[in-house]
Amino acid sequence: MYVDTNPKTENWIKVDAVTDTFDSTIGFIQGTVININSLKGYAFFKPDINGANTIIPAHLVSKYSLCESMALQVEIEEYTDNRTVKLKKRVFKIEI
Numbered sequence: 001m002y003v004d005t006n007p008k009t010e011n012w013i014k015v016d017a018v019t020d021t022f023d024s025t026i027g028f029i030q031g032t033v034i035n036i037n038s039l040k041g042y043a044f045f046k047p048d049i050n051g052a053n054t055i056i057p058a059h060l061v062s063k064y065s066l067c068e069s070m071a072l073q074v075e076i077e078e079y080t081d082n083r084t085v086k087l088k089k090r091v092f093k094i095e096i
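The sequence shown lines up with residues 1 to 96 when you count with our numbering.
Hint data in this document are derived by calculation from the structure and do not stem from the laboratory. Everything numeric in this text was worked out from a predicted model, so none of it was measured. There may be inaccurate statements among the hints.
Straight line, CA to CA, 30 Å or less: simulated DSS-like cross-link-like pairs of lysine-lysine [stated by the list, open to error]:
#1 K63 with K88
#2 K40 with K88
#3 K86 with K40
#4 K46 with K63
#5 K89 with K46
#6 K46 with K93
#7 K86 with K46
#8 K63 with K89
#9 K63 with K14
#10 K63 with K86
#11 K40 with K93
#12 K40 with K63
#13 K40 with K89
#14 K88 with K46
#15 K86 with K14
Okay, the calculated beta carbon distance ranges per label pair [what the hints assert, rightly or not]:
#16 Y79 with K40: 15 to 25 Å
#17 D4 with T32: 16 to 26 Å
#18 Y64 with K8: 39 to 49 Å
#19 E78 with E10: 32 to 42 Å
#20 Y2 with N50: 55 to 65 Å
#21 E95 with N6: 45 to 55 Å
#22 W12 with V85: 18 to 28 Å
#23 Q30 with R83: 23 to 33 Å
#24 K46 with K14: 40 to 50 Å
#25 H59 with R83: 15 to 25 Å
#26 I34 with E78: 13 to 23 Å
#27 Y79 with T5: 31 to 41 Å
Every residue, glycine too, gets a C-beta built ideally from N, C-alpha and C.
Could you build the full structure based on these sequences and the hints that come with them?
Okay, here's the thing in structure tokens:
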């Protein structure tokens, strides 16, 4: 693979930095872990108050050794799915 060590920059466009990367967080919510998928590693979070179930990414499931019916507090964020270009929600941070 060839990598140009001296690229021409005269046609590059300067883009302003994004400052509000994770401003779409909702806050800490109490609930329980449900439906752990042992093959793919992800799980779902069911809030104690009314609300939809939210996916917990596999890296958080393994990092905190989550198990079924475990009570925890989570912070949920909204993100744009790269594949479907839809706005979705996922667990961003966990406190046990």
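Okay, the hints, checked on the actual structure:
1. K63 with K88: Satisfied, since the Cα-Cα distance of roughly 22 Å is no more than 30 Å.
2. K40 with K88: 19 Å, holds
3. K86 with K40: Holds, because 22 Å separates the two Cα atoms, which is no more than 30 Å.
4. K46 with K63: 19 Å, holds
5. K89 with K46: The hint holds at about 13 Å.
6. K46 with K93: 15 Å, holds
7. K86 with K46: OK: K86 and K46 at ~21 Å, within 30 Å.
8. K63 with K89: With Cα atoms ~20 Å apart, K63 and K89 stay inside 30 Å; holds.
9. K63 with K14: 38 Å, violated
10. K63 with K86: Roughly 27 Å separates the two Cα atoms, so the pair holds.
11. K40 with K93: Status holds; Cα separation ~20 Å.
12. K40 with K63: 14 Å, holds
13. K40 with K89: Holds: K40 and K89 sit about 18 Å apart, inside 30 Å.
14. K88 with K46: OK: K88 and K46 at ~16 Å, within 30 Å.
15. K86 with K14: 27 Å, holds
16. Y79 with K40: 15 to 25 Å: At 18 Å between Cβs, range holds.
17. D4 with T32: 16 to 26 Å: 53 Å, violated
18. Y64 with K8: 39 to 49 Å: 48 Å, holds
19. E78 with E10: 32 to 42 Å: For E78 and E10 the Cβ distance comes to about 38 Å; the hint holds.
20. Y2 with N50: 55 to 65 Å: 56 Å, holds
21. E95 with N6: 45 to 55 Å: Roughly 49 Å apart at Cβ, these two residues keep to the hinted range, so it holds.
22. W12 with V85: 18 to 28 Å: 26 Å, holds
23. Q30 with R83: 23 to 33 Å: The hinted range 23 to 33 Å holds for Q30 and R83, with Cβ atoms some 31 Å apart.
24. K46 with K14: 40 to 50 Å: 45 Å, holds
25. H59 with R83: 15 to 25 Å: 18 Å Cβ-Cβ, so the 15 to 25 Å window holds.
26. I34 with E78: 13 to 23 Å: Hint holds: Cβ distance 21 Å, inside 13 to 23 Å.
27. Y79 with T5: 31 to 41 Å: 35 Å, holds
Violated hints, listed in ascending order, are 9 and 17; each of the other numbered hints is respected by the structure.
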